[in-house]
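Chain A is fixed; fit chains B and C onto it per the hints.
For the protein sequence lines, the chains are A, B and C, in the order given.
Last residue of the first sequence? That's 187 in this note's numbering, and every number before it is there in order.
Last residue of the second sequence? That's 275 in this note's numbering, and every number before it is there in order.
Last residue of the third sequence? That's 413 in this note's numbering, and every number before it is there in order.
It should be emphasised that the hints constitute simulated quantities derived from the structure, not laboratory data.
Hints are supplied without guarantee of correctness; some may be wrong.
Straight-line alpha carbon distances no greater than 30 Å define the calculated DSS-like cross-link-like pairs of lysine-lysine that follow [stated by the list, open to error]: (1) B/259 with B/186; (2) B/232 with B/247; (3) C/67 with B/271; (4) B/259 with C/67; (5) B/232 with B/183; (6) B/89 with B/219; (7) B/89 with B/41; (8) A/46 with C/67; (9) C/67 with C/222; (10) B/41 with C/222; (11) B/219 with B/259; (12) A/126 with A/89; (13) B/247 with B/41; (14) B/17 with B/7; (15) B/17 with B/183; (16) A/46 with A/88; (17) C/222 with A/37; (18) B/259 with C/222; (19) B/89 with C/222; (20) B/259 with B/17; (21) B/219 with B/247.
As the structure is a prediction and not an experimental result, all values here were calculated from the model.
Residue-level listing of the chains:
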Amino acid sequence: MTATATGTKTRTEILISGFGGQGVVRMGQILGLCAIKQGHRVTMLKSHGTETRGGYVRAQLVISPEDVDSPVVESADVFVAFSAPAYKKFYDCCSGTILYDPEMVEEIRPGAPARHVAVPATALAKERFNNVLFANMIMLGALTRVAGLDYEAMRTAMPEVIPRFHEQNLAAMDVGYTLPVATGSRP
Amino acid sequence: MNRLARKYLRPSQIPTKACHGCGIGMIENWLLQAIDELGLKQEDVIFGTGIGCVGRQTFATWGGDNFGATHGRALAVATGLKLAQPDKKYLIVVGDGDAAAIGTSHLIHAARRNLGVVVICEDNMGYESTGGQFSPTTPAGYVTNSSPYGMVEPPFDPCDVVQAAGATFVAETTATQWHQTVKIVKKALQNDGFSFVHVRFPCNENFGAYALGTRDTGKNLEWIYEHTQGRKADGSAADFTWATGIKHDASNSRPEFTKILRDVNARVRAKAEAR
Amino acid sequence: MATIVRADVTRELVAPWAEWERRYTQGRRLLEAGTYALTEGAIAAGCRVFAGYPITPATDIAEYMSKRLPEVGGYYMQCEDELAGMHACAGASLGGLKAMTATSGPGYTLMHDAYGWALTNEIPLVVVDAMRVGPISGITGAPGQGEFYVARYCTHGGNFETIVLSPSSVQEAFWLTIDAFNLSERFRTPVTILTDQVVSDMWEDLFIPDAYDALDFIVPRKHNLMMPFFPLGTADLDVPPNLVGQGTGVCVSAYTHTEEGYDIEEMEAQWAQTYRLVNKIRHHRAELARYETLGLEDAEVVAVAYGADARTVKTAVREARRRGLRAGFVRPITLWPFLDELFARDCHYVVCELNYDGQLVREVTRAAPDKGKVHFMGKSAELHTVAEVVAGLEGVARAGRIPELPYIWTEVR
Chain A
1 MTATATGTKT
11 RTEILISGFG
21 GQGVVRMGQI
31 LGLCAIKQGH
41 RVTMLKSHGT
51 ETRGGYVRAQ
61 LVISPEDVDS
71 PVVESADVFV
81 AFSAPAYKKF
91 YDCCSGTILY
101 DPEMVEEIRP
111 GAPARHVAVP
121 ATALAKERFN
131 NVLFANMIML
141 GALTRVAGLD
151 YEAMRTAMPE
161 VIPRFHEQNL
171 AAMDVGYTLP
181 VATGSRP
Chain B
1 MNRLARKYLR
11 PSQIPTKACH
21 GCGIGMIENW
31 LLQAIDELGL
41 KQEDVIFGTG
51 IGCVGRQTFA
61 TWGGDNFGAT
71 HGRALAVATG
81 LKLAQPDKKY
91 LIVVGDGDAA
101 AIGTSHLIHA
111 ARRNLGVVVI
121 CEDNMGYEST
131 GGQFSPTTPA
141 GYVTNSSPYG
151 MVEPPFDPCD
161 VVQAAGATFV
171 AETTATQWHQ
181 TVKIVKKALQ
191 NDGFSFVHVR
201 FPCNENFGAY
211 ALGTRDTGKN
221 LEWIYEHTQG
231 RKADGSAADF
241 TWATGIKHDA
251 SNSRPEFTKI
261 LRDVNARVRA
271 KAEAR
Chain C
1 MATIVRADVT
11 RELVAPWAEW
21 ERRYTQGRRL
31 LEAGTYALTE
41 GAIAAGCRVF
51 AGYPITPATD
61 IAEYMSKRLP
71 EVGGYYMQCE
81 DELAGMHACA
91 GASLGGLKAM
101 TATSGPGYTL
111 MHDAYGWALT
121 NEIPLVVVDA
131 MRVGPISGIT
141 GAPGQGEFYV
151 ARYCTHGGNF
161 ETIVLSPSSV
171 QEAFWLTIDA
181 FNLSERFRTP
191 VTILTDQVVS
201 DMWEDLFIPD
211 AYDALDFIVP
221 RKHNLMMPFF
231 PLGTADLDVP
241 PNLVGQGTGV
251 CVSAYTHTEE
261 GYDIEEMEAQ
271 WAQTYRLVNK
281 IRHHRAELAR
291 YETLGLEDAE
301 VVAVAYGADA
311 RTVKTAVREA
321 RRRGLRAGFV
331 RPITLWPFLD
341 ELFARDCHYV
351 VCELNYDGQL
361 VREVTRAAPD
371 KGKVHFMGKS
381 AELHTVAEVV
391 AGLEGVARAG
401 RIPELPYIWT
411 EVR
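Bound conformation, chain A alone (with noise of 0.2 Å):
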């Protein structure tokens, strides 16, 4: 897995952030086994207590070809923003690149455009299999476009960590990572 930020660092750390429900600890949880079976070394902090009671949701994945130390994502190489207080609260823990769901995230910091990233899940989630629930393997799927990362082996770590729908989920991440915003920004 190569570091999208910068070239020399070995460390990449992601950040994903939603409400409960919308499959952020899913998403985290398929990038970080991806990472295992090429080889890496993974971390994920999930956030814990209140994400039930409909607060945030985030996860926080630090991969390296090296031990982890801190698991702490504090100058994030990608975050994902899936809903408007996500992207308040952790905008600065970002230095990268953002991806947003714009009917999530509607209004986006001015001054850096370039590092944002809209990629519109919800949306294409209903539209194309009128269920919300498949945003997150959309987003999964744009992510691994922008990040660079082996789109062959995400979609073999996918199965074996959601229990159901394979073809659907697989269906999803191919309509995230051929997005035109994903394949546009880093060819």
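Just chains B and C, lined up with the frame of chain A:
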């Protein structure tokens, strides 16, 4: 030392340090009689106790294996031990503090689970080893060293509690009822499930002295006997009556707790092997 | 033991699993939580009874155990409270089965009754305390390190030593749990695994070896079937635990006891029992040393931390070294008995821990040659950030003190 004591008890640990006229030693003899009549050997029975008069005076008297738990936790220990040693009989000999106060939650849940042990609750109606304070089984109104104006709380009947919780054998008896007690303990030991035997006995030094105004063993036993009959020696009605005898007998009617867990294991492993 | 020289710095990991990791390479690599690793470590070590009461953040251990134990012929028991849980574990262990319970601070304090009983009767078992911030219920999903001393003084009455280990990663939690079971068998005593909400809830790459039966470093349960049941006045290791249920006549109780286990009220007996409970651990401290260090060869300022908090602290030490600071790192894995020898170097110490009252720092102060050079960075409910610790290390190196930082307390009274 009598024949049964020689057969089952530990010579170095008897006589116990119990007070003169205490009923604990006598009741233990009755337990031995029941064990003997059932043909059980020392190694067949694990003897568990707690803290207080009953715990302190009976611990290590049994010639086989003994444990004396922290206050109230004899049944919690027994729950784990029974998992590891399921084929043994367990005599959990505890007082009213262990069974009906500090350890009530364990009592209730052991009954609910139908844990295969026999609880002998030897009840001297108060905390006598700490000098005679009331307990949840002290009769209402009686004077103890912590109820100088009379016990203001209503007592409860531990038999009712364990029966409601699911105990499969429940009986009440007293230190004035030798043959009945032996018969009850034998039945309790034959139940592969949770058996509860409530045995009231007199404490001369504290309950007798302060609640009843006498340290005379005979008078204190007579007070207990009157309350099993509901009337005093002079024919007048007692202030209340303890109904003694077997109160609930559903022996061997539902599976013992650790057997259920062993059955679950067998089922899970059979399923795994079939796969 | 392993000495790994990477880049310009020496890392030392002293722990039995440093060997195990090299020897056992056949297995699966998973992404799993610390609670999973603690459970599998216990199963691998031969644990066959779990009795406890669910509590965040240790609940998942109970859930994993309820699934796993029946598969390996063991028993899961959900008790009416933590008192019952640990007493039932002690009972199961007395009956010959290895046992474990898991809880968090509110349950751990309820276990002190059972802890003392198991400790005085020399009953092996393992207790996991996944610490969260407190006091009392505090914040259920946030990490704390408030039970450093509670774990040492895990019951009342004095006259005992305790063994407490703390992992800082999911992988380490797996090996350390096996180690904890081994130590509890060898020392005939309960062992606490003092972990925290981050290590127990964090997901991390985890290597699980194949075929637990083939692991040759597991200390099996043995049984003592004869007198003396309690080798009082000795400090012998590897005395097999007593077994109740075989008619040996063994007695165990809450009282000060004789070799037979009889209750006794004599000063000489109290002395002999204390000698046993204290010195079986004190005389074998060398067997109990588990720790990690970094850069101690040239350090002027050493950051000290344990558990999950040591993860960010270690990154900070590497960052400080990158910036040219002669920084070092000490992570005690064995918290008790306390490893005084790790603090023999005359230098500055910056002690990071997740409480504001200052616990670990007191022991470091006691052990360090110059008490004036021991500094405290207390924080609560979140791990220290790398930036905070770097600022602390730089402040001490340049000005001899920790700079003012939000949410960091430096005072220990």
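Going through the numbered hints above, which ones does this structure break? Give me the numbers in ascending order.
Of the numbered hints given earlier, those the structure breaks are 6, 11, 17 and 20, listed in rising order.
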